[in-house]
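Counting in my numbering, the sequence shown runs from 3 upward without gaps.
Since the hints were made in silico from the structure, they are not lab data.
The beta carbon of each residue, even a glycine, is placed where N, CA and C say it ideally should be.
The reader is advised that the hints may include incorrect statements.
[Claimed, not checked] Label-pair ranges, simulated between beta-carbon atoms:
1. E167 with K293: 51 to 59 Å
2. V287 with W420: 46 to 54 Å
3. K238 with F333: 24 to 32 Å
4. K298 with H495: 49 to 57 Å
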Amino acid sequence: MIFMTRIQRVILSVMVDITVVFVSFILVLWLKPGAGMLYFSDYLAALGIFIMIWVGLSAVLGKYRRIQSNKLKDLLVPVVLSGLASLGAVAILMYLFRAEGYSRFIVFGTIAVATLFDLILSNMVYYVRRSVVIGESVEREYRGLGRTEDAARLHVLPEMETGLEESEVKEYIRSTILEESGEEAFHFLNRHALLNDRKTLILATTSLFNVESKKPGTYHTIINLRRINDIRRMNKFFEAVNSQLPSGGIFIGCAETKDMRKQRIFRKFITPFNYLFYYFIDFPVKRVFPKFGITKSIYFFLTKGNNRVITRAETLGRLVSCGFRIREEAFVGPLFYFVCQKNGQPVYDMHPSYGPFVRLRRIGRDGKIIKVLKMRTMHPYAEYLQEYIYEKNNLENGGKFREDFRISTQGRIMRKFWIDELPMLYNWFRGELKLVGVRPISEHYFSLYRSEVQGKRIRYKPGLIPPFYADLPETLDEIQNSEIRYLEAYDRHPLLTDWKYFWKAFYNILFRKARSR
Numbered sequence: 003m004i005f006m007t008r009i010q011r012v013i014l015s016v017m018v019d020i021t022v023v024f025v026s027f028i029l030v031l032w033l034k035p036g037a038g039m040l041y042f043s044d045y046l047a048a049l050g051i052f053i054m055i056w057v058g059l060s061a062v063l064g065k066y067r068r069i070q071s072n073k074l075k076d077l078l079v080p081v082v083l084s085g086l087a088s089l090g091a092v093a094i095l096m097y098l099f100r101a102e103g104y105s106r107f108i109v110f111g112t113i114a115v116a117t118l119f120d121l122i123l124s125n126m127v128y129y130v131r132r133s134v135v136i137g138e139s140v141e142r143e144y145r146g147l148g149r150t151e152d153a154a155r156l157h158v159l160p161e162m163e164t165g166l167e168e169s170e171v172k173e174y175i176r177s178t179i180l181e182e183s184g185e186e187a188f189h190f191l192n193r194h195a196l197l198n199d200r201k202t203l204i205l206a207t208t209s210l211f212n213v214e215s216k217k218p219g220t221y222h223t224i225i226n227l228r229r230i231n232d233i234r235r236m237n238k239f240f241e242a243v244n245s246q247l248p249s250g251g252i253f254i255g256c257a258e259t260k261d262m263r264k265q266r267i268f269r270k271f272i273t274p275f276n277y278l279f280y281y282f283i284d285f286p287v288k289r290v291f292p293k294f295g296i297t298k299s300i301y302f303f304l305t306k307g308n309n310r311v312i313t314r315a316e317t318l319g320r321l322v323s324c325g326f327r328i329r330e331e332a333f334v335g336p337l338f339y340f341v342c343q344k345n346g347q348p349v350y351d352m353h354p355s356y357g358p359f360v361r362l363r364r365i366g367r368d369g370k371i372i373k374v375l376k377m378r379t380m381h382p383y384a385e386y387l388q389e390y391i392y393e394k395n396n397l398e399n400g401g402k403f404r405e406d407f408r409i410s411t412q413g414r415i416m417r418k419f420w421i422d423e424l425p426m427l428y429n430w431f432r433g434e435l436k437l438v439g440v441r442p443i444s445e446h447y448f449s450l451y452r453s454e455v456q457g458k459r460i461r462y463k464p465g466l467i468p469p470f471y472a473d474l475p476e477t478l479d480e481i482q483n484s485e486i487r488y489l490e491a492y493d494r495h496p497l498l499t500d501w502k503y504f505w506k507a508f509y510n511i512l513f514r515k516a517r518s519r
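Required output: the full structure, derived from the provided sequences and hints.
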């Protein structure tokens, strides 16, 4: 393990700053119209002076003191201030010394680009620190809470005035659901719940109060006809429903998924206005703004938390994290409906995995848990669905989950070109991974392995380049056999084995287009 002292962190930050300024200078020279790189030698002395100004002002303004802060504002404000101060200092020096021979484009462009790079790096540092250790809360839920068997037909019902005939109750419920949700939704709900039972509560609400105000244990099924997209504190709402239901109770709800929303917008506007509205207004505001601390406040100011964009994976993942097991899901009319069953208490995940980086719990050497850093390729809360995906779809060729809807569009692109695995170099530098070795896998996936393979696996560090890319196995058994062959060869000739597997994997990746899905 590598632990850095405060002085070492400051030295590293200064070195990064110097690199940022130098790279910014080269980039601006390259962008300058004409033969920009010819200026390189003429500006070297001035660049050295500027680097001293940049580092000195950064130190004075506290940029290096706040590098350990977990607040985004503490990281970004000193960057902006040091950039502005450097701009002012350089402008004054150029005026005092009549430095008219220096290009304003190169000088001020270098400051602007360096400040931009610094802001990007500060954001990355912030989100790496906030990256969730995926697996801890999920494992806690499954390990500690136990499961309940499927109930047969569950008894479900709304609050109705007494004295009404049964036929009147049925007609009232039917007409209410038809008016609120439509005929398709009524038939779906009628198949999964006894709509006229007195232990059914049917709501059309986005208010947490309307759930919490009920007496716990009164109802065995709760149905909400309103989309969860309009619920401001979604998890709190699900947690409240969980607290109202007995073990095995049923919760039925609906959502408009991201893809359904996109289809609705494309139908609503004519081409090309539908593309312009979706990609330049709706997508940035609804999908990009909520992901970053600096724009999240703008998002909530504009939307008040209503009409949120949510994916199918996030919907189901949130439900599982709140103590439910998914029993049924279906696209009904314009909405996505889910039927879930209470099988435990909520996890109360205080750090949902929304950022661009995640830390994955993986089995390391001697069976110890290591936290592997990767770029996010799955939708938020998707980590809670691993067991559900396995039960529903099992594994496909290559040992991946079949039809894994948890992976986002950009995630598929990142996986195809291994962009998501670049942060794992951090674990390599820490000594938790080696260059060639068995793939670092989750505890759930590890449990699918044969016991003899498990025993061999944990004797070694996992690797960045697994034997999978050398042998290209398809089934889980073939993957295990491939790893056994590698480990046995590694036992006999460690360096030679890694050398051979590295170049074989390199060939398959480059010429046979071996890719991660």
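Which numbered hints are broken by the structure, listed smallest first?
2
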